[in-house]
Amino acid sequence: MENEAGALSRVAGLFSARGYNIESLTVAPTEDASMSRMTIVTSGSEDIIVQITKQLNKLIDVVKLVNLSEAEHIEREMALIKVKAVGEAREEYKRLADIFNGRIIDVTEASYTIELTDSGEKIVEFIAAINADQIIEIVRSGVSGIARGEKSLHS
Amino acid sequence: MELTGAEILVRSLKEEGVKHLFGYPGGAVLHIYDALYQQEDIKHVLVRHEQAATHAADGYARSTGKAGVALVTSGPGATNAVTGIATAYMDSIPMVVITGQVFTNMIGNDAFQEVDSIGITRPCVKHNFLVKEVADLAETIKKAFYIATTGRPGPVVIDLPKDVTANKAEFNYPKTIKMRSYSPVEMGDAGEIKRAVAMMLSAKRPIFYTGGGVVLGRGAAELTELVQQLNYPITNTLMGLGAYPATDKQFLGMLGMHGTYEANMTMHHCDVLIAIGARFDDRVTGNIEKFCPHARIIHVDIDPSSISKNVKVDVPIVGSVTNVLQEMIAMLKKGGKKPDEQAIGEWWQQITAWRAADCLKYDTESDKVKPQQVVEALYRETNGDAYVTSDVGQHQMWAAQYYKFDKPYRWINSGGLGTMGFGLPAAMGVQFAHPDATVACVTGEGSIQMCIQELSTCLQYGLPIKIIALNNRYLGMVRQWQEFFYDGRYAMSYMDALPDFVKLAESYGHVGMRIDNPADVDGAMEEAMKLKDRLVFMDFVTDSEENVYPMIPAGAGLNEMILV
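Residue numbers (this note's numbering), protein chains in the order written: chain A, 49 to 203; chain B, 52 to 615.
Heads up, some of the hints might be wrong.
[Said to hold, decoys possible] In silico DSS-like pairs for lysine-lysine, Cα to Cα no more than 25 Å straight-line: (1) A:Lys106 x B:Lys194; (2) B:Lys194 x A:Lys102; (3) B:Lys193 x A:Lys106; (4) A:Lys112 x B:Lys458; (5) A:Lys106 x B:Lys117.
[Stated by the list, open to error] Sample of chain A residues at the chain B side, in silico, Cβ under 10 Å: (6) Glu50; (7) Ala53; (8) Gly54; (9) Ser57; (10) Arg58; (11) Leu62; (12) Ala65; (13) Gly92; (14) Asp95; (15) Gln99; (16) Thr101; (17) Lys102; (18) Ile108; (19) Ile194; (20) Arg196.
Everything labelled a hint here was simulated from the structure, so no lab data went into it.
Values in this document were obtained by computation on a predicted structure and should not be read as measured data.
All residues carry an ideal CB built from backbone N, CA and C; glycine is no exception.
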């Protein structure tokens, strides 16, 4: 969409005004500075998804809209997970991070912050593998998506 | 040569062919008013409340097809304008509204008369712009008019900070505009149109159901040609009245909640429904589960999101109605196939039987003034050729049912949002656009009080509007629902402490009349229409408990009407 002030609020406003779900929404500038790219994860019946598509296309700031889930695509999300890490748990979290291809990016005497970039499901699995009372804080980025192969939003 | 933002705005409006601007001054727009003062091409009309500025611009647009333009100040000026903007948005009316804004460096600081106009109007505009650089102003105005008037039309707001109107830039008004993110569809898909024509010809019980999109898309002539070529019945929505001549024998009247028996029954029993520029609104469909149970549906609309939104359709056609109708007419001529004459003949026999119910009959012997009688008198006295605006409620339905509109752009009402207070200011806009035409505002004693202050504007500009107030001392539609569905508990629907409308009109320098005898209705109407250069406020004291019939109660299907 056009990289204009207020473009994000038009999309968010549309979802709330029409009662559509937003599960996650990520937005950032693209290789073309005049445009930004937004990945929205939403849910609904086929009819609702069709309506969401039409309504989004109607927004003047939207340049192009693709339903990624209609074709092969990749989804990635980043999570930063801060856990209490003392004693034996320190080794345990290191192993767990390795298994999930995560990285420990901040260490104190009593905590680790683990970065994990993967599909939403993997992140959920990773979080589930940690004892809930050991978690200090979690921040998740929301999903970014891209089509597999040479296809792009330009094509 | 460099011009100030205010001068650029005025010059740009001239480039867009704007002749009238409806507005109200205030601190944030003083530079603009100063620039307006120093020219004579654009006439500024001073309203008495910003809501009226937007309704007047709206009425101007609805009666001409051109964009209406309003100018208001920041803060309360902008918030007062919102009702008018939302009204235009719901009915897809092309309008450009310029709102003043505080200095750019003050935005977000809770400055005097600051509101987030962009945020407040976002859900009820087609698009809006905050102009931060004077160099962007001309192009933004060009875009605003382009967006407002193309595709499915709608209101566009331009929020203009005060410093931007003072800063200078070179003035170059773009001749054309292209936007990578906005290019409305024009032509319909040829394959789908072909399918539609085949389906239309295969019909045994067809009906055309057409809406405001035909008026907005300037497709009335094409629609009439197609419908008459096929000899199929046609019904219009509230917004579509006038797109097909109401006095023609193929016209069944309006459909929906207060539609005619024959229109709703024909809809319910049809086998092919041809919907054009209509959006299957809940006031039209009744209970969606029971809507047109036997029909295959063709739907032509310029807005893809209107198609299959409420009702699933079989043949969707996205395109301008005029282009699609022309294609259909051409295909029918070329194909040489004719409708099934015998089946259509039988269908008309059935429709004639439904018509015989005479669903719009009313008591013509009453000793009270019947509201229907007043609208019929208006129709006769104006030869069916007036521009009629209305407010919202019973009087609106009676105007729609009893004034037979043969031409588009003549019926001006708030259909989607249902805005009381719309009628009088809208009539002002219409009268400015058509100075020599008869403009009547059919209203009620409730609605008229919502923008009554505009009687002052009408005096200032000598607008000879005829106000037809159907005064039943009740918020009539609310009372009707309370009678039907709340056991007659008339909570807050009695209009107590009404002003003397005759004296009120006179105090504003107009002519006032009170009519409470049915025998006087025709004579009074004739007398009022003779006063060509005066506003006449006709206060008709009508039967207070008259109801609008037919009526489809909530949850019922189109075949389950309450008749008189």
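- [ ] Any hints from earlier that this structure breaks? Give me their numbers in increasing order, please.
- [x] 4, 13, 19 and 20
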